[in-house]
Amino acid sequence: MNNEMHLKFSARSENESFARVSVAAFVAQMDPTMDELTEIKTVVSEAVTNAIIHGYGENGDGMVYIDCYLHDGAVEIDIRDEGVGMENVEQARQPLYTSKPELERSGMGFTIMENFMDEVEVSSAPGHGTTVKMKKFFKKSETLCN
Amino acid sequence: MSFSVEFDKKQNVLLVRMSGELDHHSSEQLKTKWKEQLHNQDIKHVVINLEMLSFMDSSGLGVILGRYKEVKQIGGEMVVCSISPAVQRLFELAGMFKIIRLEENEKYALMSLGVAS
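Order-wise, the sequence lines are chains A and B. With full-length UniProt numbering, letter number 28 in the first sequence gets 28, and the count goes up by one each step, no holes. With full-length UniProt numbering, letter number 73 in the second sequence gets 73, and the count goes up by one each step, no holes.
This is chain A alone, in the form it adopts within the complex (with noise of 0.2 angstroms):
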């Protein structure tokens, strides 16, 4: 089965939430088990609140995009922002690094979401955004494959 969902939304903080839960309601069809849509709902909330702050430097302006993909008994969830990306994505993922200790960021984003998803990959460069691609397999359809 291949079926995909985008969403494109303001860079508000107030649309975390929404983000989140849509991308879980969309989801729901491959019956994950809740622990796997929570972690689901993390990831999201981690990259559209990075793309809110980092990106876009919480001005309101600007759009986050959403790429949803079900395909293999696994989503691959794509959020991209046009925001002013960063020279050095390596330091970005390291635990506990925050490049706005002022804002008491805890500096896990990054680690939650390779924590969570089975891959993640970060593309960026200063003044072109940045690209955040994860992917994740179900344990269900795991088992059914076999």
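Don't take each hint at face value.
[Stated by the list, open to error] List of simulated lysine-lysine pairs, BS3-like, C-alpha gap at most 25 angstroms:
1) B:10 x B:69
2) A:100 x B:69
3) B:10 x A:140
4) A:100 x B:31
5) B:10 x A:100
These aren't lab readings, by the way, just hints derived from the structure by calculation.
With chain A fixed as given, assemble chain B onto it according to the hints.
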């Protein structure tokens, strides 16, 4: 589900009961209210009750860590109770239990800080 927070004071312990979903958006209002409570009252310790909290991401961890630093400065302790398995996993991932003690429920948390119910 939207977020809400309720504060209560038992002797020198501030009780923080959170409900709903704690993300970057709701963490902003939580931070303001929580700081106000800590600064305006005679408080030493904090108990965070997460029984009604259905969701948390790293923004929530950030706000809790920020208040932990303040509580530590005044020589107090931070205790969390009634945590859901999902939020507990997030806490474990971030190493939060190295600095914040976990108790089963509000009663035990208060007792551990010397507050009789």
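Going through the hints against the structure:
| no. | hint | verdict |
| --- | --- | --- |
| 1 | B:10 x B:69 | holds (21 angstroms) |
| 2 | A:100 x B:69 | holds (17 angstroms) |
| 3 | B:10 x A:140 | violated (47 angstroms) |
| 4 | A:100 x B:31 | holds (16 angstroms) |
| 5 | B:10 x A:100 | violated (35 angstroms) |
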